[in-house]
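*Asks:* Next come the chains, spelled out residue by residue.
Number of protein chains: 4
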Amino acid sequence: MPAIAYQTPLRTDILRALDIPEPWSFGIADRVRFGELDALAHVNNTAYLSWLENFRINYFKDYGIADYSTRIPRIVLRQIGVDFLTEMRLGAEYVITGRTTSLRTTSFRMDYGIWSEGVLRATGWAVLVNLNDDSSKAPLPETARNSLISRDNPEVL
Amino acid sequence: MPAIAYQTPLRTDILRALDIPEPWSFGIADRVRFGELDALAHVNNTAYLSWLENFRINYFKDYGIADYSTRIPRIVLRQIGVDFLTEMRLGAEYVITGRTTSLRTTSFRMDYGIWSEGVLRATGWAVLVNLNDDSSKAPLPETARNSLISRDNPEVL
Amino acid sequence: MPAIAYQTPLRTDILRALDIPEPWSFGIADRVRFGELDALAHVNNTAYLSWLENFRINYFKDYGIADYSTRIPRIVLRQIGVDFLTEMRLGAEYVITGRTTSLRTTSFRMDYGIWSEGVLRATGWAVLVNLNDDSSKAPLPETARNSLISRDNPEVL
Amino acid sequence: MPAIAYQTPLRTDILRALDIPEPWSFGIADRVRFGELDALAHVNNTAYLSWLENFRINYFKDYGIADYSTRIPRIVLRQIGVDFLTEMRLGAEYVITGRTTSLRTTSFRMDYGIWSEGVLRATGWAVLVNLNDDSSKAPLPETARNSLISRDNPEVL
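Those protein sequence lines, which keep their order, are chains A, B, C and D.
Numbered according to my numbering, the first sequence spans residues -14 to 142.
Numbered according to my numbering, the second sequence spans residues -14 to 142.
Numbered according to my numbering, the third sequence spans residues -14 to 142.
Numbered according to my numbering, the fourth sequence spans residues -14 to 142.
Isolated chain A (complex conformation) (with noise of 0.2 Å):
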């Protein structure tokens, strides 16, 4: 496996390097960490959320929808889902990959793989919504829009 730089957008040539296929066009690589295991050795189910958090937040940026310096934008997590298909251990490498799949007036779902060590670790999806300061729904940004549908090409509802 080549030496990938963690925390810093991966684009298709590297994800393909590390045999992570098509259609993932954007990757965030990081370490397992001590304190993201259980008591059976094995990264705790709240480890992967936090992932995918923190892979939302590189992703948001780097499609310019939300840059979050000058505040934290109202976009929320209305669901999620993850499938834990093999346990990971302390140290292992791993790339979280993701693509927005549909996107909706105020919403959109999004896709997610764990990769380590050329094995697919575990899947999962998310719906988010862009919210007003008042909690009620906000139409995305048309710029925001744009980006996602012609880098990720969603199905468009």
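Take these hints with a grain of salt, some might be off.
[Stated by the list, open to error] Non-contacting residues of chain D with respect to chain C, defined by C-beta distances greater than 12 Å in every case (computed): (1) Arg(-4); (2) Arg16; (3) Tyr33; (4) Asp47; (5) Pro58; (6) Leu62; (7) Gln64; (8) Arg84; (9) Asn131; (10) Arg136; (11) Val141.
[Said to hold, decoys possible] Ranges of calculated distance between the beta carbons of each label pair, as one might list FRET restraints: (12) B:Asp118 with C:Gly76: 43 to 53 Å; (13) C:Leu70 with A:Glu127: 56 to 66 Å; (14) D:Arg74 with B:Ile134: 46 to 56 Å; (15) D:Lys46 with A:Val104: 22 to 32 Å; (16) D:Lys46 with C:Leu70: 23 to 33 Å; (17) B:Arg74 with A:Lys46: 19 to 29 Å; (18) C:Asp47 with A:Thr(-3): 51 to 61 Å; (19) A:Asp52 with B:Asp118: 42 to 52 Å.
No wet-lab data here; the hints were simulated from the structure.
Every value quoted in this text rests on a predicted model; they were computed, and no experiment measured them.
Virtual Cβ for every residue (Gly too), placed ideally from N, Cα, C.
Model the placement of chains B, C and D on the given structure of chain A, informed by the hints.
*Replies:* Quick look at chains B, C and D alone, frame taken from chain A:
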């Protein structure tokens, strides 16, 4: 709302007094902690998974499935999903309810509700698998199976 | 050990019944969760800091220092120390005790004990500072100061 | 600031280029995650302890003290202290530095610095004890001892 004991099995009578409807018959209460909030001052999505994990341990003990006193059982999480319905804030008292809704030889599905101030704040579900120490699937012990069937009346698949 | 309420202020009478000695006069009880264990099946060091943080919020409310209902106060942690005396395991019931032992114009020092099954499992201390919204130091309000002095008899520096 | 690799040992040359002074000679870099923030949008105090824990594992590997690949060693945290000097926010890149400053037969003391944008954000220290599987104290292996002495020049007590 009546005063309720935290981290203690709540039965049907208390659940109904808290306006938690049938078919829920087992609950565990607690209160939102500061460390469970995120930068938007809402409960972070990972906290819900910790709550469900802690709920399962109470449930496994009460149902006689595993007691965690001599060893940590290998009933592992295979899938999880959560629908976040209403945001929760610091200090909110909540009750997690859960029940087994379907049962196979080596696995079972649980459904969950998270309630606060009489409102359903989130729903969830999980698929759990019983493993041998070598990570191969193991049939659920007969006593565990009988307990789940008699108390929760799951669909037996 | 008597049954004790979790996340509820415990006064001198209950603390003494639990063999927790003078001068401790305020405690908060809870139980070790699975998610607080590390890969050695002991409570992870970060969990103790979460417990102390949660203790402080209960203490601040009970002492009338901050109620966290309208805004999160800017009483921030400036220093913390913990001595880990005896390992703790899953399901252990524990009581955190804490008191203010010295007081300055804008800051105060608290000392803590963590007790389980009549044994002192850890001790800790913290220095807390009251800040304005612009992060400059602010004098503790007179009511907070009086409450700390009358209840905990700290050294006034 | 030069681009730096995360979760990878940083040596003297890189540390100096980052304006981290002598005597620090070993560092690990990373970036603040959303899940590490609290409701005031600052890094929560528990996150610093996770960072120090993760630092120690990298340090133990690099110094040949423990590799965590076959078993998790019983070098346990006996005491910890942190001084929080300047608040840290989302996305901040930081470097943890650490060294062993004193050494006894079965225990040693480490000191830490947490640096971001050329500013010391926090300092910390820990006392670590080597244990046998029965939790009795064990002398540090000679190779570990020699490595700590030759690389960090601690006070030998």
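*Asks:* Next step is simple, just say for each hint if it's right about the structure.
*Replies:* Hints and how they fare:
no.	hint	result
1	Arg(-4)	holds, 28 Å
2	Arg16	holds, 19 Å
3	Tyr33	violated, 9 Å
4	Asp47	holds, 20 Å
5	Pro58	violated, 9 Å
6	Leu62	violated, 5 Å
7	Gln64	violated, 5 Å
8	Arg84	holds, 19 Å
9	Asn131	holds, 26 Å
10	Arg136	holds, 25 Å
11	Val141	holds, 23 Å
12	B:Asp118 with C:Gly76: 43 to 53 Å	violated, 22 Å
13	C:Leu70 with A:Glu127: 56 to 66 Å	holds, 59 Å
14	D:Arg74 with B:Ile134: 46 to 56 Å	holds, 52 Å
15	D:Lys46 with A:Val104: 22 to 32 Å	holds, 23 Å
16	D:Lys46 with C:Leu70: 23 to 33 Å	holds, 28 Å
17	B:Arg74 with A:Lys46: 19 to 29 Å	holds, 27 Å
18	C:Asp47 with A:Thr(-3): 51 to 61 Å	holds, 57 Å
19	A:Asp52 with B:Asp118: 42 to 52 Å	holds, 48 Å
When held up to the earlier numbered hints, the structure conflicts with 3, 5, 6, 7, 12 and fits the remainder.
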